[in-house]
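Build out the structure end to end from the sequences listed, making use of the hints.
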Amino acid sequence: MKRSLILLAFLCAAGRVPAAAATKPNLVFILADDLGWNDTTFNRPNAFYETPNIERLAKRGLRFTQAYAANPLCSPTRSSILSGLYPARTGITAPVCHLPEVILEKATVKKAAPTAKVLVAQSVTRFDTKYYTLAEAFKAAGYATGHFGKWHLGGEPYSPLQQGFDVDYPHWHGPGPAGSYVAPWKFPAALNFTGEPGEHIEDRMAREAIKFIRAHKDESFYINYWAFSVHSPFDAKKELVEKYRAKAARLPAGSPQRNPVFGAMVQSLDENVGRLLDTLDELKLSGNTIIVFFSDNGGVHWLAGAGGAMSDPRFADIPITSNTPLRGGKATTYEGGTREPCIIAWPGLTRAGIATDTIIQSIDFFPTFAELLKLQIPDTLKFDGRSFAPALRGAKHDRGPTFCHFPHTTPASGGLASTWVRVGDWKLIRFFGLNDDQSDLFELYNLKDDLGETRNLAAHFPARVKELGTLISEFLRDTEAVVPARNPNYDPRAKPAATPKGKAKKAGR
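For the sequence shown, the working numbering begins at 16 and goes up steadily by one.
Worth flagging that the hints you see were computed from the coordinates, not collected in a lab. No experiment lies behind these values; they were computed from the predicted model shown. Be aware that a few hints might be false.
[Said to hold, decoys possible] Only pairs whose alpha carbons sit at most 30 Å apart, straight line, appear in this in silico DSS-like list of lysine-lysine: (1) K252 / K226; (2) K262 / K74; (3) K258 / K201.
[Said to hold, decoys possible] Computed spacing ranges between beta-carbons, pair by pair: (4) L396 / A264: 48 to 58 Å; (5) P405 / P267: 28 to 38 Å; (6) T469 / A324: 28 to 38 Å.
C-beta: ideal position from N, C-alpha, C; glycine also.
Next up, the structure:
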């Protein structure tokens with residue numbers, strides 16, 4: 016109730032008068048799902064994926080080569096963008112917001128198998144409406160607000176419509192498109208969301224977003240185009256799959272990026288980024304529209320597996336993608352899990368077509384917009400993120416220590432419960448309970464010299480491990496993070512259960 020009254024007061028002050036709002040810059044926030052740092056041609060040109068429209072956007076804006084998600088999985092990063100808060104603070108640390116059980120309090124699991132060394136976190140399963148959101152701030156400033164695509168932070172009463180958005184399409188809280196990317200889909204009948212056979216979900220989402228832009232072209236708007244792509248289920252337009260199958264056949268054997276289905280999925284994402292850009296150009300809105308392109312976590316670096324999420328069995332035993340030269344990927348705390356492709360095109364502020372190695376994180380978007388657009392923020396809101404306005408202007412910016420807390424284990428990815436901190440070129444990862452005696456294990460890397468995190472320097476720099484380890488401990492206390500605890504039932508002699516047939520297989524890093 017208190018938050019609703021605050022929002023109402025802001026709306027009354029803003030007036031939602033289109034003529035007044037027209038002078039304010041629009042914002043289009045494009046968020047890809049599971050798109051790795053190395054899956055676009057603007058970061059590292061490759062011989063397989065084709066992303067000319069994303070590259071076109073990069074030529075208009077500022078590229079961040081060291082942009083981080085706050086978590087190596089989707090829902091936590093999404094909550095961090097909307098709140099400016101670390102997932103460790105909100106408690107959403109895993110992508111479980113589609114599950115039926117509503118959990119709003121942070122905790123560890125009560126028990127674990129004897130093969131597990133630690134009791135991991137039990138993630139919160141809904142993005143609590145007590146948190147003031149980026150959409151609410153824009154709405155209070157007089158903007159029309161719309162969300163298109165993936166949400167995965169909870170259905171009613173935790174949907175975008177309760178979090179500051181005027182429109183939510185298709186109003187779906189699941190982890191991916193229901194059933195497939197290509198219609199017929201399997202969304203619940205209550206959503207009344209159907210498509211013509213063969214219609215691609217991204218084509219539909221872009222079309223709906225474009226309708227919203229056209230309807231609000233004479234007033235200021237903020238839209239999320241949060242793509243379902245390139246998350247599972249792994250399927251795509253047949254003609255594009257055949258195009259990339261032919262491309263893959265011309266690559267050297269064992270090329271790290273060669274999955275035809277994934278290549279087709281990347282192209283469909285890129286095509287719809289292009290449709291959004293074309294619309295803004297056509298309506299002469301590009302000069303007054305901020306565009307952000309980002310991804311929620313790293314690319315899937317394991318095999319889909321026959322009978323798994325890959326719809327075409329011909330390609331089930333080919334890795335989905337590769338994050339090389341980065342180590343790991345989705346659901347790991349190595350660089351491949353959280354370093355993301357990022358472009359910000361801000362007319363009149365950012366220089367076009369250049370790159371910066373300034374470190375930013377997903378929690379920094381909200382405070383940056385709040386500062387530069389003078390959004391009204393409740394006095395009670397204390398961001399974890401820091402505005403990177405200086406970097407957008409071309410000046411130096413040091414955000415200070417950067418953290419990622421992932422208190423879970425994910426067998427498919429090889430991800431382990433851990434927290435990392437980065438200060439300058441140094442990154443320390445604290446793996447909870449990983450040693451034989453269930454004590455924490457530390458890995459230290461100098462990313463300037465070792466981007467692939469191949470040389471653990473912890474034994475060589477004990478003082479730095481202690482210094483950075485202290486920062487991690489302070490971060491965990493400050494955010495009241497759920498810290499994995501020793502499993503009292505751990506038995507080093509216990510053997511893992513057999514993997515059921517058809518489950519995903521790890522494909523190395």
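How the hints compare with the structure:
Using a Cα cut-off of 30 Å, the hinted pair K252 and K226 holds, with the two alpha carbons roughly 23 Å apart. In summary, the hint linking K262 to K74 is supported, as the alpha carbons are separated by about 26 Å, within the 30 Å threshold. Between the alpha carbons of K258 and K201 the distance comes to roughly 27 Å, so the proposed pair stays at or under 30 Å and holds. The hint said 48 to 58 Å for the Cβ distance between L396 and A264, and at roughly 54 Å that hint holds.
For the hinted restraint 28 to 38 Å between P405 and P267, the CB-CB distance of approximately 43 Å leaves it violated. Separation of T469 from A324 is about 30 Å and conforms to the stated range, judged on CB atoms against 28 to 38 Å.
In terms of the numbered hints stated before, the structure departs from hint 5 and from no other.
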